[in-house]
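Since chain A is already given, all that's left is putting chain V on it; use the hints.
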Amino acid sequence: MDYPLDVEYILRKKKSLKKQLLASNDRLQKKIAILGGSTTSEIKNILELFLLNSGIEPVFYESDYNKYFEDALFDNEQLDKFQPDIIYIHSSIVNILNFPKPNDGEDVVNQLLNDEVERYTSIWDALQKYDCAIIQNNFDYPIDRSLGNLDNYDIHGKTFFIMQLNLEFSKNARKINNLYINDINYLSSYIGLEKWVDRSLWYQAKYALSMAAIPELSFNISKIINSILGRAKKCLVLDLDNTCWGGVIGDDGLVGISIGNETAVAEAFETFQKYAKELKDRGVMLAVCSKNYFQNAAEGFQHPETILKFEDFTSFKANWDPKHQNIIDIAQEINIGIDSLVFIDDNPAERDIVSSQIPDVSVPDVGRDVIFFIDHIDKNGYFEPIILSTDDMKRNQYYEDNKKRLSVKSKYATYGDYLKSLEMVAEINSFNSLYLDRITQLTNKTNQFNLTTKRYTYSEIEKISSSNDYIKLYGKLTDKYGDNGLISITIGCLKNGQCFIELWLMSCRVLKRNMEYAMLDELVIQCQQRNITEIIGYYLETEKNKMVAKLYEDFGFILMEKNDSSSVWKLDIKNYKAKNKFIRTIG
Amino acid sequence: MNRDEIFSGVQEIFRDIFDEDDLIIEYSTNSDSIEDWDSLNHINLVSAIEKEFKIKFALGELLTLKDVGAMIDLMNVKLK
Numbered sequence: 001m002d003y004p005l006d007v008e009y010i011l012r013k014k015k016s017l018k019k020q021l022l023a024s025n026d027r028l029q030k031k032i033a034i035l036g037g038s039t040t041s042e043i044k045n046i047l048e049l050f051l052l053n054s055g056i057e058p059v060f061y062e063s064d065y066n067k068y069f070e071d072a073l074f075d076n077e078q079l080d081k082f083q084p085d086i087i088y089i090h091s092s093i094v095n096i097l098n099f100p101k102p103n104d105g106e107d108v109v110n111q112l113l114n115d116e117v118e119r120y121t122s123i124w125d126a127l128q129k130y131d132c133a134i135i136q137n138n139f140d141y142p143i144d145r146s147l148g149n150l151d152n153y154d155i156h157g158k159t160f161f162i163m164q165l166n167l168e169f170s171k172n173a174r175k176i177n178n179l180y181i182n183d184i185n186y187l188s189s190y191i192g193l194e195k196w197v198d199r200s201l202w203y204q205a206k207y208a209l210s211m212a213a214i215p216e217l218s219f220n221i222s223k224i225i226n227s228i229l230g231r232a233k234k235c236l237v238l239d240l241d242n243t244c245w246g247g248v249i250g251d252d253g254l255v256g257i258s259i260g261n262e263t264a265v266a267e268a269f270e271t272f273q274k275y276a277k278e279l280k281d282r283g284v285m286l287a288v289c290s291k292n293y294f295q296n297a298a299e300g301f302q303h304p305e306t307i308l309k310f311e312d313f314t315s316f317k318a319n320w321d322p323k324h325q326n327i328i329d330i331a332q333e334i335n336i337g338i339d340s341l342v343f344i345d346d347n348p349a350e351r352d353i354v355s356s357q358i359p360d361v362s363v364p365d366v367g368r369d370v371i372f373f374i375d376h377i378d379k380n381g382y383f384e385p386i387i388l389s390t391d392d393m394k395r396n397q398y399y400e401d402n403k404k405r406l407s408v409k410s411k412y413a414t415y416g417d418y419l420k421s422l423e424m425v426a427e428i429n430s431f432n433s434l435y436l437d438r439i440t441q442l443t444n445k446t447n448q449f450n451l452t453t454k455r456y457t458y459s460e461i462e463k464i465s466s467s468n469d470y471i472k473l474y475g476k477l478t479d480k481y482g483d484n485g486l487i488s489i490t491i492g493c494l495k496n497g498q499c500f501i502e503l504w505l506m507s508c509r510v511l512k513r514n515m516e517y518a519m520l521d522e523l524v525i526q527c528q529q530r531n532i533t534e535i536i537g538y539y540l541e542t543e544k545n546k547m548v549a550k551l552y553e554d555f556g557f558i559l560m561e562k563n564d565s566s567s568v569w570k571l572d573i574k575n576y577k578a579k580n581k582f583i584r585t586i587g
Numbered sequence: 001m002n003r004d005e006i007f008s009g010v011q012e013i014f015r016d017i018f019d020e021d022d023l024i025i026e027y028s029t030n031s032d033s034i035e036d037w038d039s040l041n042h043i044n045l046v047s048a049i050e051k052e053f054k055i056k057f058a059l060g061e062l063l064t065l066k067d068v069g070a071m072i073d074l075m076n077v078k079l080k
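Taken in sequence, the protein lines are chains A and V.
Counting from 1, one number per residue, gives the positions in the first sequence under my numbering.
Counting from 1, one number per residue, gives the positions in the second sequence under my numbering.
Careful, some of the hints might be misleading.
[What the hints assert, rightly or not] Each computed DSS-like pair below joins lysine-lysine, with the alpha-carbon atoms no more than 30 Å apart:
no., chain 1, residue 1, chain 2, residue 2
1, A, LYS454, A, LYS277
2, V, LYS78, A, LYS18
3, A, LYS195, A, LYS13
4, V, LYS80, A, LYS13
5, V, LYS56, A, LYS206
6, A, LYS18, V, LYS80
7, A, LYS14, V, LYS66
8, V, LYS56, A, LYS30
9, A, LYS404, A, LYS277
10, V, LYS66, A, LYS15
11, A, LYS101, A, LYS81
[As the list claims (entries may be wrong)] Now the in silico label distances, taken between C-beta atoms and shown as ranges:
no., chain 1, residue 1, chain 2, residue 2, range
12, A, LYS81, V, LEU63, 36 to 44 Å
13, A, LYS544, V, HIS42, 39 to 47 Å
14, A, THR263, V, ASP36, 37 to 45 Å
15, A, ASN261, V, ASP36, 52 to 60 Å
16, V, GLU50, A, SER16, 14 to 22 Å
17, A, LYS81, V, LYS56, 38 to 46 Å
18, V, ASP38, A, LEU73, 26 to 34 Å
19, A, LEU73, V, GLY60, 32 to 40 Å
20, A, ASP144, V, ASN2, 37 to 45 Å
For the record, the hints were derived by calculation from the structure and aren't laboratory data.
From a predicted model like this one, the values you see are computed outputs, not experimental measurements.
Where is the CB? At the ideal position from N, CA and C, for every residue including glycine.
One chain only, chain V, in its complex shape:
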């Protein structure tokens, strides 16, 4: 799976979780850019990503997922 595929999969998850069909995310998108992105929805995002891509984030890794870019980077490593 390449970066673009990961990115579009993540975008779909964002659209579902925040229920905005035309939501466009960028690498720099973070919890400041999306109003509903609070700590509880962060958990929902991560859970959905883990299920969809069949990966697991370690506890320590979760702290590093500050924005979409960081998520994609880490996923890219795990999916290699």
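The following block holds chain A by itself, in its conformation from the complex:
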């Protein structure tokens, strides 16, 4: 189910594939409403496979044929009851009501454009009541152009009309927080319009795209869904010899390796490095895992033509240990789940050992030729972002600062001395509109230090932010090495004199810094101000959050209830004493 897709196999074997997928691993259930402007039956079936393959079990609502507009705009009891987590609107060029006619004036053409855009903005508006993510197709180009090449630039051209429409969709998606564009305009040109459209299938069954294009479309939607649910990968782990440069640095030496633009081979490696650098610049972490002497490996990044530098890597493992061992170490070192890693190596034997020993790591079968490596990273959508946040872009900086922190830790007699030396300052406050994006993002991607793993949509966070029934705290932490950004969230729902903690999370980049105590202190203060006397906490166990199984116990909460995978805790705050000793807090 990875790039390159075996489209024919997927379409033919979908039922047995589904059985196989249902037999493995535990899954996250999500409710997905498909509102179609054309037939969606097979899209739903194949999308289900891709989601199952990434651990998501979808339950579907499917609108009647071409009822996407009506379903969205008018009272729809069925959809209300369904309460979708995600709505996918499958519209395309076949749904455009009126294209300009050759004798229309410019004002008429603009009016047509506005009308078309307004149809969709009214859909998105109406769907806001569901507080969920909306995935919206943009438009594919027309396959027939009665205006020929002029279709592209005359205001009466269909191609031109669609370019304008897509631009308007993009503008709206930047404005509307929960609107995500499924870029079928790119997808159809990537596959080729000729393969994208099947006229016969349109006349027979009203599919707006060909059978062969359906798996590609579904794969693309699944990438967006994965990203919305915070399942995008975080770290790209690279082999060195014949992956980052041509040749073997241990044998060929610094002058012997191929990188740069002197030869065709060198240029191909340069392109690959540039791509990795682009990922790094937008917040994907890079790591090295190579069988080499450390000295040799590091020297490779001093080549005059190298794009990547030693400092670009958050973790650098060059030794002779088995690669799967090194990869486990990398994940631990940078404190991310093992399933957040993607490993690229030109050597099939190394790929094999890594994928067999640690199946949670994504190890695409990239082959041996660097020319194709980018496709495997890019087209599998491992690092699909839904938003470019400044926090993401700074992420690599945080980890670099962390390295400095680690290196000084050993100089202090006690851990407390070390924490003191960090001169930490925390800003802990109620949510404000500046941070709602980041808060939503954190709730969707924090897995380890997360007591309930409750996910929120932007509008849910917005509602909580303005409600008096909640205590809603964010925490930012700065120390002498730098700003860690917004890294902790606590949401407590107030009822009958008690505060129920429905969310408590913290980014792992500030583990063991006493930040959780600082958050608790502030939570207690806010509770006391509102005459709340008890705080109730929940721990809901997942595969990833065992590190906080004892958090409430550590906080001094008393265990109320416990079963296999969850526990309920209570803290009486009448005689609470502040716990944080190392962080100065500002409101």
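For chain V alone, coordinates are given in the frame of chain A:
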């Protein structure tokens, strides 16, 4: 390709699409005999046949594919 080869290829496709490994089809098999054989699966069947045998059915021809026999007959002509 002879009729028997076509027939066994079509049978394999039926088994995949309806996910029944031991499904046996006959010339008279039609949408009444297989529960899941609805109009949407009919499209999937035809698409799979077109891909597997590298043939294309014309729009008008599709209406005539009422049962397996009719499919095999038409395929036999196209594959000659």
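Each hint tested on the structure:
Restraint check for A/LYS454 and A/LYS277: the C-alpha separation of about 33 Å exceeds 30 Å, so the hint is violated. This hinted pair does not check out: V/LYS78 and A/LYS18 have alpha carbons roughly 33 Å apart, beyond 30 Å. Note on A/LYS195 and A/LYS13: the hinted pairing holds, with a Cα-Cα distance of about 21 Å set against a maximum of 30 Å. Proximity of V/LYS80 to A/LYS13 is assessed by CA-CA distance (about 28 Å); at most 30 Å being required, the pair is judged to hold.
Restraint check for V/LYS56 and A/LYS206: satisfied, since their Cα atoms lie roughly 18 Å apart, inside the 30 Å limit. Restraint check: the Cα-Cα separation between A/LYS18 and V/LYS80 comes to about 37 Å, which exceeds 30 Å; the hinted pair is violated. For the proposed pair A/LYS14 and V/LYS66, the alpha carbon gap of about 24 Å is at most 30 Å, so the pair holds. For the hint pairing V/LYS56 with A/LYS30, the CA-to-CA distance comes to about 38 Å; that exceeds 30 Å, so the pair is violated.
For the hint linking A/LYS404 to A/LYS277, the alpha-carbon distance of about 22 Å falls within 30 Å, and the restraint holds. At roughly 24 Å between alpha-carbon atoms, V/LYS66 and A/LYS15 fall within 30 Å of each other, so this suggested pair holds. In summary, the hint linking A/LYS101 to A/LYS81 is not supported, as the alpha carbons are separated by about 42 Å, beyond the 30 Å threshold. At roughly 39 Å, the beta carbons of A/LYS81 and V/LEU63 sit within the given window of 36 to 44 Å.
Checking the proposed 39 to 47 Å range against A/LYS544 and V/HIS42 shows it holds: the Cβ atoms sit about 44 Å from each other. Checked against the given bound of 37 to 45 Å, the beta carbons of A/THR263 and V/ASP36, roughly 57 Å apart, lie outside it. Distance hint for A/ASN261 and V/ASP36: a CB-CB separation of about 57 Å, consistent with the stated range 52 to 60 Å. In this structure, V/GLU50 and A/SER16 meet the distance hint of 14 to 22 Å, their C-beta atoms being roughly 21 Å apart.
A hinted range of 38 to 46 Å holds for the C-beta pair A/LYS81 and V/LYS56, which are about 43 Å apart. Between V/ASP38 and A/LEU73 the C-beta distance comes to about 29 Å, which sits within the given range of 26 to 34 Å. The beta-carbon spacing between A/LEU73 and V/GLY60, approximately 38 Å, falls within the hinted interval of 32 to 40 Å. In this structure the supplied range 37 to 45 Å holds for A/ASP144 paired with V/ASN2, their Cβ-Cβ distance being about 40 Å.
Hint compliance for this structure: hints 1, 2, 6, 8, 11, 14 are broken, all remaining hints hold.
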